[in-house]
Structure formats: C-alpha cells, structure tokens
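S.K.: The lines below spell out each chain.
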Amino acid sequence: MSGDGLRHATEGRIDRGTVLRFRFDGTAYSGHPGDTLASALLANGVRRIGTSVRLGRPRGVMSAGSEEPTGVVQLEAPFPDPMRPATMVELHDGLVASSLSGRGRLADRPDPARYDAVHAHCDMLVVGAGPAGLAAASLAVRSGARVILADERPEVGGASPDTEGDDWFDRAGARVLTRTTVFGYYDDNYLVAVERRTDHLGAAAPGNLARERIWRIRAGQVVLATGAHERPIAFAGNDLPGVMLADSARTYLHRYGVLVGRRAVVFTINDSGYRVVADLAAAGVEIAALVDPREATGGTVGGQVGGRYGGHVVVAAHGDDAHGHDVLSTVDIEPVGGGPTVRVDADALLVSGGWSPVLHLYSQSGGRLRYDEVVGAFLPDGCRQAVTVAGAARGLTSTTACLVDGVDAARQALTALGITPVDWSPPSVGAGAEGPPPATAAPGGVPDLRFVPAEDYSTHFVDFQRDVTVADVLRATGAGLRSVEHVKRYTTAGTAHDQGKTSGLLTSAVVGQALDAGIAELGHTTFRPPYTPVSFAALAGRDRGQLYDPVRVTAIHDWHVRHGARFEDVGQWRRSWYYPAEGEGLAEAVRRECVAARTGVAFMDASTLGKIEVQGPDAGRFLDRLYTNVMSTLAVGAIRYGVMCGLDGMVFDDGTVARLAPDRFLLTTTTGNAGPVLDWMEEWLQTEWPDLAAWCTSVTDQWATVAVVGPRSRDVLARLAPGLAVDAATFPFMTWRDTVVAGLPARVCRISFSGELAYEVNVAWWHGLALWEAVYEAGAPYGITPYGTETMHVLRAEKGYPIVGQDTDGTVTPQDLGMAWVVSKKKADFIGKRSFARSDTARPDRKHLVGLLPEDPTLLLPEGVHVVDPACLAGGRLPEPPVPMLGHVTSSYRSAALDRTFALALVAGGRDRIGDRLYAPLDDGRLVPVTVAGPVLYDPEGARRDG
Amino acid sequence: MTEDLPEHPDFLWRNPEPKRHYDVVIVGGGGHGLATAYYLARNHGITNVAVLERGWLAGGNMARNTTIIRSNYLWEASAGIYEHALKLWEGLAEDLDYPILFSQRGVLNLAHSQQDVREGARRVHANRLSGVDAHWLDPGQVKEVCPIVNISPDVRYPVLGATYQPRAGIAKHDYVAWGFARAADALGVDLIQHCEVTGIDVHDGRVTGLRTTRGPIGAGKVALSAAGHSSVLARMVGLDLPVQSHPLQALVSELLEPVHPTVVMSNAVHVYVSQAHKGELVMGAGIDAYNSYSQRGALRVIERQMSAALELFPVFARAHVLRTWGGIVDVTPDASAIVGLTPIDGLYVNCGWGTGGFKATPGVGWCYAHTVAHDEPHPLNAPFRLDRFSTGALIDEHGAAAVAH
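Just so you know, the sequences run in chain order A and B.
If you read the first sequence in this note's numbering, its first letter stands for residue 1, the second for the next number, and so on.
If you read the second sequence in this note's numbering, its first letter stands for residue 1, the second for the next number, and so on.
Hints listed in this document are in silico derivations from the structure and should not be mistaken for laboratory results.
One should not assume that every hint holds.
Partner residues aside, some chain A positions facing chain B, computed with beta carbon under 8 Å [as the list claims (entries may be wrong)]:
| # | residue |
| --- | --- |
| 1 | D167 |
| 2 | W168 |
| 3 | L201 |
| 4 | A204 |
| 5 | A205 |
| 6 | L481 |
| 7 | H486 |
| 8 | Q499 |
| 9 | S839 |
We put the beta carbon where it would ideally sit given N, CA and C, even for glycine.
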C-alpha cells in the first residue's frame, strides 16, 4: 500500500507545517512533529515492520501504545537502542530504525548519555492522565494537595484524546510528568517511574540533560487511572500486518491524523468497535464489513457500512498474490457455529476482543484481582496499600463515567489524607465523546469470544511476539499442565517484551476452555516490575564510574601521588601500596622500605584504619561483651589490643582500644571492616542490649594517622614534640598521650603493628598533610622512608601478626591464631564465648596459624597454595583427587630481616607439626618441601617493640 | 548461541489424586524434591512415592533462579557435592531424555582487589586438589573468554584477574524440573500439586504421615525439601532450623543478539550475569537484607546491581529490564546446606541452600534419596548434617564464595 492519502487533512495533533526526515530499513521517509515512528510508518504505507522470532512471519503494528506486541524495532541513530515499540518512539529528524526478527542489538560503543534520579514526595500520585486521572488530579489540586501526575505519553489526555480538551485541568497546580512511566509499585506506597527527557529531541537533545531520569516517589495516596488495553481475538492469520486492535485506529486518526487503511473490516465482540466504525467512516475510510458475533448488537452504527454481519465471526485473514502475502488483503467471515464463508477485500482488519483493565501496578502493590464475568476481565479487589483505582482501570468504559470516577477516587484519597475535598466536578463532556456502554453487557451478548473455533489452530496467535498459538496452548494442556504459570513456561506466552499485556487473558481463556475451567479459577500469572521495559542505564543512574563507589582517600593522598606511590584498593579506600624509587619494582621497593623500618625509621599513612568512639556510662560493659578480652579494666591513658568474634566464635575483627576517659573509649578496626563493625555494634546495642547506656560514633574521617616506625622513631618524635617525654619509662608501650606535634594538637599512641618501636600520631584530618610533611622533614636526617601496605604486611607477618580477612576467613578462632591469651576465661559472657565450648571448636587438630619456611630459602610460595602431608604422597607424587589438604598459605613474602622467604599458613594441627616437613603443590606441578615453624619469626621476645 | 528452544515433550505428567499412604512423601515439588523422587525410584527402586507441592510444580526458587551451574567451591565438602552434581549434569539430558539445554560455557569469578586475587588463587589451588577444573586468568585472558568485560585499569574496581571453571555453565531451569518430574512420574511417583502441608504427624518419635489441604496422607518416611519455607514446616514438629529466609531478586532483559558467551560473577562489583539460550540477559546480585517470606524485594537492590553490571559491561547500557522477580532463599549461619537426618525418625531435611540450590539439584537429589532410602547420609552429604551447628563443624563458604553463588 502506498502512503498517498493515508494522512487525514485535518485530524490529529501533529505539526503539518514541519517535516521530519527519517529512515527505516534503509528507505527515507518523512513525518511530522507529534508523530510516533509507528504513525509515521503507517502514514507512509509501511505495513510490515518486523519478522517474528520463531516462525519468521511478517509482523506490523497492532496498537498505538505501550502494549504493542509486534511493532518492535531496532533504533540505529542517534544511538543504537534495542527492541523499542515503534508506537512509543517519538519521531524526530534524523531518526534511523530498522526491523527486527525478535531480537535486538546492543551498541558496540559506549553510551554517551547521562542518567539520573530524583526523590519526590507528594500527597497524591495519580498514574495516568486520561479522563479519570485528570479529573482526580484536578480535584486534588483544587483541594490543596501536593499532586504528582504521571503519564507515559508526551501529553495529557489519555489514549485517544477527545477534541473537547481538558481546559479545566490546571497544569501549574500539579507536578505533571509526561513521557514518564510509573513502572514499579513497592511497599509503603513507594513507586518508581522513568521519565524520558531527551529521546524525542533527537540530535538536538542538549548533552548536559539526563536522557532518562528515575523518579522515586513516596506518595501518601495513589490513584491508579491506568486505563485499559484492548484485547485481540485469535483466528487464523490474526498476526498479519493490517490486523490491528480496533480502537488504536481511532488513536491513529485522532492523535496522528493517520488512516490505518482505506477499506476496513471491523470485528468486535463489544460496543467499543462501533465508535471505531463511526469515527473511521466519518474520516472517509470505507467500512467494508462490521462483524459482531452477537445477533443483536448494541447501538446504532454512525456511518456507512458495506456489510453488517451480526452473528458472524472473522475466521481468517489472508494476504494475496496481488498485494503480497505479508500484508492483509482479504478477510473471511462465517456465521457463528459455521456456515458459508464470505470473503471481503480489506487492507485493515480492526479487532476488539474487549478491554482488560491495566492493573499491573495495582497487582505489584499487593492488590488482589478478581475475574469479573460481566466485564470479562480481572478487576481490582482490595489492597493493603493506600491506593484507589479509577476509570477504565476498574472496568468503566464511558468518558463521563471515568471523569466522575476520577473525582470520586480523589475524594476518597483526599479524605484519607485528612484534606477536605472541594466541591468540584469537571464540566460535562459533549455527547460526541460519550463512549459505549459496558463492553459485553449488551443484551443478547454471546459468551466471551476469545478465539474463533477451527480445525487447525496453528495460526491462531495468542502471543504475537513469542509466536504462541492456540495450538501451542492446547499442546501444553495436553501434556498435563493445569496451571497458567506452567502453560506460560511451556509455550513462553507472556514472556516477551510486552510481558503478555495483550495475550494474558487470551492464554488463560484457551487453557480454561481446554480444561473446562473458568478463568476465575485459573487466575493470572504474576505481574512484576517493570510495567514496561526500563533501560539498564536508567536504573544505574549516576552510580557509575567513579561514582559507582566513590574512592576514599586520606588527607595525605596527594603527597603519595606526588611521590610516585602505587596504590591498592582496600575496601573503599585507596591506599599506598609501595613507593618505588627509580628502577624499582614491588620486591625491591618493599625490601628497601622494610630495611628502613627495621634499621632506621620509616613512616606510613595509617589514616584509613576504622576509628569508632564509644561513650557512655556503660561503654566499658559494652566493650567487655563485644571483645573476647576485658576492656572495662583498662586505665585511662592505656591501650589494649582486642579481638571481636562472631556468634560462631570466629574472628571478625581486631584492633586497639584506648581509654580516653572513664566513659570514653576509642576503638580502631581494620580498614575494610570499619562499616561492618559499626553496624555490628549498633545491631547489638539496638536489638539485644538497648538497656546499655553507650553510644558509638564513627571518627575515621576525623583523625589523620601517621605511623612512625623503627629504632629511630623516638628521635624523630622527640624533635617534633619537644613537650612530650618520649622515654620508655614515662611513655611506655600501649599507652597514649595528648600533646603537640609539629605545632599541631595531637594524640600519640605507642602501639606497633611492625614489631618495632613505633608511634602512631593522630591529628585532625585537615592537619594530616602538615603532620606528614613535618615528620618527613624531621626524619630526613635519619633517612626516613615512606612505606605502604605491602611493607606493613611483611613487617607484621615477620612478627606473626595476622591480618583479619587475609590470614582468617571466618573459620578461624582466636585460639587458632595462637591468641588464646586474648580470650577471657573470667568474663561471664561475651559474643562468641558459648561457641568456644562446642566440640568441633575445641578440637586440638583445628587449623592453626603457623609459619612456613620453604626449604629453598629463595622460593616464594604463592599465596593460596595448599600444603599436603608427605604421608599422602605415593612415589613422591600427589594421589588422584580428592587430595587431602592440610591447609593453605595465607601470606607469603621475601624478608630482608630474615634474609629468606617465609609464609604464614593455616595448617591442621599446625602447632603440633612445628619442625615437620610438608609439601606445597605448585601450579607447575612441582611439590615444594616446606618446614612448619612458629608464626613469630622475628624478635620473638618483643624487645625491639618495647624498647 | 541464541537459538530456538527445543520443544517440550507432548506429555509431561499425570495429575493423580493423592493416595492414602506412601512409603515416602517428599514435601516440596521444586527441583530438589523432584530430583529426589526420581533418584529414589531409579537408584533405590522406591516408587510408592508422592511429591507434595503447595503451588504449581517447580514454581518456587526453581522457577526463579539464574541457572548458574558450577562446582568451584572452596571447601572439600562443598566441592564434593557440587562436583558430583556437575558430573550428573553432564549426563542429565540423556539420563532424563529431556533437552535441558545444559551449556558448559564456563564461569568467570572476577577479582578486583589484592584480597580477591588471594582468595581466587586459594580457591583455584583447592579446586584442583579436589578434582574440580579451575584456572586463574589474568585480565587479558579474561578478555579472551569474555570480550565485553571492561578490563580497563582506569575503572573504579579494575579487573585484576579471575578464576575460571570451563566445565561450569547454565541450563534451562524449567526444562530441568520438568525433566525430573516427567521421569519420576513415569517411574510411578505421584506428583500432587496444590497440596499444602498443614501438619506433620509424629508418634513415638517417628513420623507417620501428613495433614494436607487435600486430606491426610500416611507416610513411612517424610523428606522435607521446601527451601525458604523449610523452617515453617520444621516448626510443625517443634524443630527449630537455623535458617533465615530472605528475598533474592533476579531480572531478565529483552532478547538480544549474542554478546555474552560465558557466565561472569563478581563479588566486589556485585552482579552475576549470563545470556540465556534465547538471547535474554539473566542477572542477579545479593539478597535483600531483611528477612521475609514475600517473593518481592526492594528496587534499590536492582538499581545497585545495574550499576555494577554497567561497570563490568558498559555495552549493556541500552539493554532493557523486562522483568524482575524475587524468590525466597534459606540461609544458614555458615551459608551451606543442611541435608540429612533429624531427631525424628523417618523425617529428613534438605534446606539451607541459600542462593546456590539450583546447581546442586541432581547432586542433592542423588544424595538425599540415598539418605532417605538407607536412613543414613550418603558420604557426600554427611558433612551437611543438622547438628553441625551445635558441634561447630561448620562448612563456612562465606570466606571465598561470599554471597554471589
């Protein structure tokens, strides 16, 4: 069919004065502002716009809305976008699209668009801006409520706006979101919508504008005025391009000024088809036949009709040789129950199988649905959430009824909100806009006709996108399936892009007929978000790239960057890993840094350690329950190492506790665990021990911490803090002092994670860099060396200090780590205590943290390798899997201080194997002999640390 | 890779009325229950068996999971049962005479930090000693396996490498469930749908039958296999299972031309994704934090998951979410399952699979059937005993497997 004359001279809300150029499948076409891609294609006479996924059948446009099952295209320009319903793509200049066969294509280049999200709160959210929604929003606005009105279309007015307009609606009084689909209804009246902000602008879209925006709306009351979808009827060839849902022909006429054909057959089982006949006939379309299975039809036909076929059905749609077999040419009509076939020429077959209220959001909200025999569809039947359904969404069909219902719904909702509704009604609409009476309630109506009886159901389609026919559904029931959910999965009906908006009830009806069961009994498949497809990018919003999880850096970070540090991610933090000098790799740099710390002085940025202050009269009691050891006896000014376990007795975190005052403690946690530890503390305080007067505050970002480490650290500190007595007697290990360092108020803690004499100097975060630079300068005479996490790991491993999360994995007790001393025997209870008494937790052959010394002192064991008992070897080789594993290497380093490689490992019964030889199977097949040692390989007496 | 799905058989199962008594009644007609019924009949010749399903067959987590199959678990006990399952998967289509679309396209578990790298290396070494195929890939090799993964070092959490199990993959979940159901039905097992258990009868410490919405049903043995609702059932006999139920959400996109040839999982950038046979992207992430029996979750979890997906796969930006849904996962304190005997004679429990139950389906069915038939655990499920929570002999997969099963 050529496009000549398919554009009506006056109808529609398009801008005829402006021409938009677009391409479809390589051919250039034109349209106008106000068009969708679908309306422009129809106006150009393009009927076939796709190929079905399974059967390869031609497919066209079936509807004018988001329920579109077949007219789904690939956008190519301005940017590739897969599987877009042509009915929802607003035409713009330069649009390029192509047809699909059921699968879309992703772009092979990054999407340049931006996406964002906003939160909004309102008294009333009205979803759908048709007559009911507009009336509801209007009353609510006039009554002083904060209203959001959202509609998926570019303008308010509903599916096929009547020309009388809606002047009574005060747009300025509400937040009106057009091009906005409310797609999810979650608990506590939390609804989520996506607003399409730039697609309709094409290449003219400003680059700074987010392409799509997610609206997260919390509404006091919700009015769902979501309308209804017209249903198809299954008959032979009902998928042929040219077969459409009847009322969409009205929409194409009134909204876009497009005639969907020149000679149409209307096949309806309800009175709404009659207004289609009237409107199309008035617009000059020849109505070749009106087919209605009811003998006595309701209402008169307001237009010339070639043939009236009461008591008839359409049994088949065909193409022909003259026009091609991929578009409609003829329609076969037969009496209900069989009889002579009448063949009618037509280029459009407009089908109305009744209307299904759009209750997706209602169902998502937890609302129940009941099948209504009169309406022939599911209707709302009660919901716990604060929601009211209005208009066609609850089965009403006339515009007047919908307007009145919208007002009623708003009145209910306002009253529930405690807002007094004003006395207002929309002006009555003209008689011309009056819709038909309820769908199948007409006198003499036949039972719901969902599919036309036939011998062969292989082209009676129920799901057009998934190519599912009545025959497929019957095959499913024949296989023994009784549930609509099973039939859905057997046939794939309802699983496509449109999620069965037009096919759901049809499928159920076929199942019901096959099983002699009612639709009410069968129920419906579950409605799930989103109502219509939502792009991944919209949901991701701005939380991408560097904002996916903002990098946390310390106050000293820029210095590290300037000095060539390599970094590693530890939790959210970016920490200095090592500081390679010219020509150095990791190994060389770490060796140099370690030597500096062991023989001179080195310093590191320890600001990322988690810091939590606990205050209150019960702070000490609280910490006694939290840690395995006693904290309440700590003297003010002193520091104690502590371990936290989970309920299972497994190490969860470790750190130090400093007592600042009788009712004030400062805890440190591992870098990655700061958040989880605070959550853990709050969980216990809030849910188990609300009686405890103790409060926790994260102060991680309040304190910058510089660890000064090594035999000369005391000299450096003395230079920086002349007011501080730094001698071992006055300022002993595991104490802290408030003082002034480098002119800055500081808290100095004498603690050590390296085994060396060390001080951790804490200053206010914004003084961090000044402190660091002062330490660098004061240490220069001693060759002070910055070091990163890798050197920290080596130094602590030489001392056998475990790192939680590296040397533990949630299955390790303090006793396993050789730290039975940190577990109080005196305390009545603490988290994890009970678990230590379990038989398996008390087993002597549990895995212990031990040292491993490769017999080749230059061989560095890969972390993660396992060790096996020589007894399991056969002829010096590993046995067939499964090979019994004794444990694995948790940490492995080259040690300058030991002048050899070494490792820490968790080994079954490890402390009883000290001195034994085990084997580590490597990737390359080698079996490496290693000797088990105690975990503390350097300065076991602790003389250096305490010096 | 995208292809038409094979047809289901013309006949699946009978819809019988429940008999008054069965030798074994399995409560829960999900994948595990159906597999158990099948192996009871096939391996042990026990065919006077009913599977009771509260709703529609395999309509719980079996219908809701993301179908990932792998066996690269850290601990020997886990690797043992999952690897047994994987070996069964490899012959399952033939065994069941059902096209279950088992596709061994491999699974990548990405590492994004030095700690991830250590954990990955540890798991690879453990897997090899356990007899599970496992490889460590550097970022370039990751790109070779899955060209669309973003391995740029300039992203927030760069890919530092990955563990790779080539024998891992996906299957079509409904086909698997229906394959087991059809085969069990053919061997004489009664599949009773829309039959909710309302009580469990116990006399002298031994189970004797069930009360159901379709009347009382006598039973010589009762095998619970009800995932997220296991604790509800166990409470009927005063058994307090250490299980918490959480919603777990998943989603699919529209059908797309092939872009993603394998399965990618990431814990740090938390998402797992594959492209199913028809072409849709299938994705999941972590559980919703709050306990719930409702099969729905919060959008925030989905939004976060999409952010993660686009970090790893920028080309997914314009794909569309067609459908999200939720299942109820039953999580134990050590994130491993409970499969075995209970303090009540003739009552057995299989639960606690959390987010990882689908991949275990044939392995669990095999071992659980053995447990029921012999009244003692199969060696592969012996470590998964209920009393390990009082002895402390835990199988803690949190360490390396974390949440993203």
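S.K.: Decide, hint by hint, whether the structure agrees.
M.R.: These are the hints, each one checked on the structure:
no., hint, result
1, D167, "violated (37 Å)"
2, W168, "violated (35 Å)"
3, L201, "violated (17 Å)"
4, A204, "violated (20 Å)"
5, A205, "violated (15 Å)"
6, L481, "holds (7 Å)"
7, H486, "holds (6 Å)"
8, Q499, "holds (6 Å)"
9, S839, "holds (5 Å)"
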